[in-house]
Amino acid sequence: DAGVIQSPRHEVTEMGQEVTLRCKPISGHDYLFWYRQTMMRGLELLIYFNNNVPIDDSGMPEDRFSAKMPNASFSTLKIQPSEPRDSAVYFCASSLHQQGAHEQYFGPGTRLTVT
Amino acid sequence: RKEVEQDPGPFNVPEGATVAFNCTYSNSASQSFFWYRQDCRKEPKLLMSVYSSGNEDGRFTAQLNRASQYISLLIRDSKLSDSATYLCVVNGGTGFQKLVFGTGTRLLVSP
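Order-wise, the sequence lines are chains A and B. Going by the numbering used here, the first residue of the first sequence is number 38, and it counts up by one from there. Going by the numbering used here, the first residue of the second sequence is number 6, and it counts up by one from there.
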């Protein structure tokens, strides 16, 4: 079975440009999560969706960040305009709501560098 | 205070050694507990869930102490391939699907 798919795997962009990260969750999973990982702050939850509806976006750093999930098999995280401090690895993860089971499965990540 | 705290290490151990990691969490309402493993420049992967009664998976044993809000992971007979960062993870309590990750403990197993 295919796992969580993310694209692109690497992105290098200049400050001020728009960046769009993409994620395809595991088929049948009803939760989708976006995380950011840096050496300084570790793994931080940005936003998560349940059945395509955003549930908690309290981790989104500021208005420059936005996320959408138009259907069960696709989500995007957009940064506009990008800044050097946004450089990080962005992970998408998905999970299936089952009683007593909340394991999340991560995609390979997008390594973003903003110069 | 961080929600999940871990010793960052690194723990340097020889092959065959037994090593233990500890983790404390602050949210007493947390109900689910996990250990994830993350290799360098890779995504986190679930290693094992942690149950109240403790659980074992091969060389790995996880234990939970709810009273002290403390989780442990024991690795016996360490292999070179165990070298990785081990992330302690708890659910956020109010949102059961929301997981909070510790910053990880790095393990280096040498020949």
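Keep in mind that the hints are not guaranteed to be accurate.
What the hints assert, rightly or not - The following label-pair restraints were derived from C-beta to C-beta distances:
1) 81/A x 14/B: 16 to 22 Å
2) 51/A x 56/B: 32 to 38 Å
3) 57/B x 133/A: 20 to 26 Å
4) 115/A x 8/B: 23 to 29 Å
As the list claims (entries may be wrong) - Over 12 Å on every C-beta distance to chain B, these chain A residues come out as not near it, computed from the model:
5) 55
6) 59
7) 78
8) 87
9) 98
10) 100
11) 107
12) 109
13) 110
14) 123
15) 145
What the hints contain is simulated information worked out from the structure, not anything from laboratory work. We put the CB at the ideal spot given by N, CA and C, even for glycine.
A quick look at each hint next to the structure:
no.: 1; hint: 81/A x 14/B: 16 to 22 Å; in the structure: holds (21 Å)
no.: 2; hint: 51/A x 56/B: 32 to 38 Å; in the structure: violated (49 Å)
no.: 3; hint: 57/B x 133/A: 20 to 26 Å; in the structure: holds (22 Å)
no.: 4; hint: 115/A x 8/B: 23 to 29 Å; in the structure: holds (28 Å)
no.: 5; hint: 55; in the structure: holds (25 Å)
no.: 6; hint: 59; in the structure: holds (16 Å)
no.: 7; hint: 78; in the structure: violated (8 Å)
no.: 8; hint: 87; in the structure: violated (7 Å)
no.: 9; hint: 98; in the structure: holds (17 Å)
no.: 10; hint: 100; in the structure: holds (22 Å)
no.: 11; hint: 107; in the structure: holds (21 Å)
no.: 12; hint: 109; in the structure: holds (16 Å)
no.: 13; hint: 110; in the structure: holds (19 Å)
no.: 14; hint: 123; in the structure: holds (19 Å)
no.: 15; hint: 145; in the structure: violated (5 Å)
Comparing the model with each earlier hint shows violations of hints 2, 7, 8 and 15; every other hint is respected.
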